[in-house]
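With the sequences and hints as input, model every part of the structure.
If you read the protein sequences in the order shown, they are chains A and B. Read left to right, the first sequence gives residues 1 to 258 (the UniProt record's numbering). Read left to right, the second sequence gives residues 1 to 354 (the UniProt record's numbering).
This list has only true hints and no planted wrong ones.
Which chain B residues face chain A? A few, computed with CB under 10 Å, are given here:
no. : residue
1   : Asn35
2   : Ala39
3   : Ala237
4   : Ala238
5   : Ser241
6   : Val243
7   : Asn244
8   : Gly300
The hints are simulated quantities; they were obtained by calculation from the structure and are not laboratory data. None of these values were measured; they are calculated from a predicted model. C-beta atoms are modelled at their ideal positions from N, C-alpha and C, and glycine is treated no differently.
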Amino acid sequence: MTPILSAKGLVKHYGRVTALDHCDFELYPGEVLAVIGDNGAGKSTLIKALSGAVIPDEGEIRLNGEPVRFATPHDARRAGIETVYQTLAMSPALSIADNMFMGREIRKPGFMGRVLRQLDHKEMERFAREKLNDLGLMTIQNINQPVETLSGGQRQGVAVARAAAFGSKVVILDEPTAALGVKESRRVLELIQDVRAKGIPIILISHNMPHVFEVADRVHVHRLGRRLCVIDPKNHSMSDAVAYMTGAKAPEEELNAV
Amino acid sequence: MTGESDYETSVRERRTETPAEFGSRRAGLMTRVQNTLHATPALVPLIVLIASIAIFGLLIGDRFFSPFSLTLVLQQVQIVGIVAAAQSLVILTAGIDLSVGAITVLSSVVMGQFAFRYGIPVPLALACGLGCGALCGAINGTLVAKMKLPPFIVTLGTWQVFLATNYLYSRNETIRAQDIQAEASLLQLFGAKFQIGGAVFTVGVVFMVVLVLGLAWILRSTAWGRHVYAVGDDAEAAQLSGVNADRTLIGVYTLAGLICGFAGWALIGRIGSVSPTSAYEANIESITAVVIGGISLFGGRGSILGTLFGALIVGVFSLGLRLMGADAQWTYFFIGVLIIAAVAVDQWIRKVSA
Numbered sequence: 001m002t003p004i005l006s007a008k009g010l011v012k013h014y015g016r017v018t019a020l021d022h023c024d025f026e027l028y029p030g031e032v033l034a035v036i037g038d039n040g041a042g043k044s045t046l047i048k049a050l051s052g053a054v055i056p057d058e059g060e061i062r063l064n065g066e067p068v069r070f071a072t073p074h075d076a077r078r079a080g081i082e083t084v085y086q087t088l089a090m091s092p093a094l095s096i097a098d099n100m101f102m103g104r105e106i107r108k109p110g111f112m113g114r115v116l117r118q119l120d121h122k123e124m125e126r127f128a129r130e131k132l133n134d135l136g137l138m139t140i141q142n143i144n145q146p147v148e149t150l151s152g153g154q155r156q157g158v159a160v161a162r163a164a165a166f167g168s169k170v171v172i173l174d175e176p177t178a179a180l181g182v183k184e185s186r187r188v189l190e191l192i193q194d195v196r197a198k199g200i201p202i203i204l205i206s207h208n209m210p211h212v213f214e215v216a217d218r219v220h221v222h223r224l225g226r227r228l229c230v231i232d233p234k235n236h237s238m239s240d241a242v243a244y245m246t247g248a249k250a251p252e253e254e255l256n257a258v
Numbered sequence: 001m002t003g004e005s006d007y008e009t010s011v012r013e014r015r016t017e018t019p020a021e022f023g024s025r026r027a028g029l030m031t032r033v034q035n036t037l038h039a040t041p042a043l044v045p046l047i048v049l050i051a052s053i054a055i056f057g058l059l060i061g062d063r064f065f066s067p068f069s070l071t072l073v074l075q076q077v078q079i080v081g082i083v084a085a086a087q088s089l090v091i092l093t094a095g096i097d098l099s100v101g102a103i104t105v106l107s108s109v110v111m112g113q114f115a116f117r118y119g120i121p122v123p124l125a126l127a128c129g130l131g132c133g134a135l136c137g138a139i140n141g142t143l144v145a146k147m148k149l150p151p152f153i154v155t156l157g158t159w160q161v162f163l164a165t166n167y168l169y170s171r172n173e174t175i176r177a178q179d180i181q182a183e184a185s186l187l188q189l190f191g192a193k194f195q196i197g198g199a200v201f202t203v204g205v206v207f208m209v210v211l212v213l214g215l216a217w218i219l220r221s222t223a224w225g226r227h228v229y230a231v232g233d234d235a236e237a238a239q240l241s242g243v244n245a246d247r248t249l250i251g252v253y254t255l256a257g258l259i260c261g262f263a264g265w266a267l268i269g270r271i272g273s274v275s276p277t278s279a280y281e282a283n284i285e286s287i288t289a290v291v292i293g294g295i296s297l298f299g300g301r302g303s304i305l306g307t308l309f310g311a312l313i314v315g316v317f318s319l320g321l322r323l324m325g326a327d328a329q330w331t332y333f334f335i336g337v338l339i340i341a342a343v344a345v346d347q348w349i350r351k352v353s354a
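In structure tokens form, the structure reads like this:
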């Protein structure tokens, strides 16, 4: 099986600091791949390189086997890679529908849309409602509710729904549960399962080992700017993962190759 | 790993507790009031406007509560109203434009001097004046968006620069109203009056109302309008969502400059002459109208209709108090109180929504 998104030999220097040191990466269709690593291991640089927010100095990124170059997050988004940032990147005073379509609004057909550039609010609301429905979030009653009136978990839900609605190839979630309480975290983990059920592969960056081990199919362990190993959460414990991540234990040989 | 701890196994089995519900709570009265205000931010200034008209109407009677006096308010606020519309756009992006008054007067001087000093045909001179306003705005916008300088500092600087340019270029000369009327009456177009019953309207008043309604439509119904709000709310989030924040900012400042150019044209209509010393207080008055109109100085919240109501509230207070024979300082006193009250309401709306 060819990976849907892969990277080979990525290098990124910030001055004298090497954030990525010939890093490899593979994401296969339909899977949830967790990326774990200690602070400063370079996992967020890796994610930024994949989502277009950082341009690597060396190396190659392939989407569906085709080499791609992203100069901005916009390029990556257009290629079908959606990222849910830790900060969610939403405008709190604007409505759910406005936020879902920010930067890719739908205009009305005909004169009103083409000449006067009027937005098709009805169509955008219908689409937003449908996408929230898909992920079982329809108990959000009013699609015109400002995002700031939602709870943290609901906001995360809207952000994930936005990514799932437009991310045709890959959805990247950066610490989706970091700011949430126990119950809300559970809701977001279920959302991740729902998105995977729709066949969209997910890259999940998280510090929370129980969450990672609950939803991930494979775990990419990042250490010192490169991939240390990829482990199967069914065959390894969380303690193993933490030990690999911190360097307390070296992974067995065959894992390096995966 | 030996003795895999219990929490790991419990995590691996799918947990069954109910996830957080996404339903809505029952809203109390205050919450509902807050939600209504959140959805229609122009409501507060509208209520204040209607109440102040009613109170002055009761206190003064027909002398105030007549079509003539009420339309006089419109004429008195037209310049501030137009400039405040420009100011609203900038403040919605969490910026501020201190140079609006300077752009207004500089544009009017360019229109007048181009027509009289160089003998350029009047329509062309008008276009040059409007272009001058847009250019000034574009300079502000570029400095804010590309150089990442704080809007307050940028426009504090350009305010002085544009105003000095205005005095230097005009050589401090006023073009007299009679000359304009005789040779270039198009410059005074915005002052043209027409009557409907006892009500007196000018082209400038009609322009102000149409401008505000047009901008309100653009802000609500176009992608650009939503981007203005998003950039003001959280520029970084807007950028990550795919909005070109820099281009939106430059667009907003340029449009604000162009609107100030129109205000400069309206200014000639209002005072008849072209004077480099007019409209010097328009920057503070426009900010006052915006704040009383309920637009948040922190950006991203408020409605441009509120700005129009805010400008009218100021007009109603100054005319009403003058007709009552009160000292003009009482106007400033009450406007000051209103500004503080308006900002307090804005903070309250934000707090309840969190």
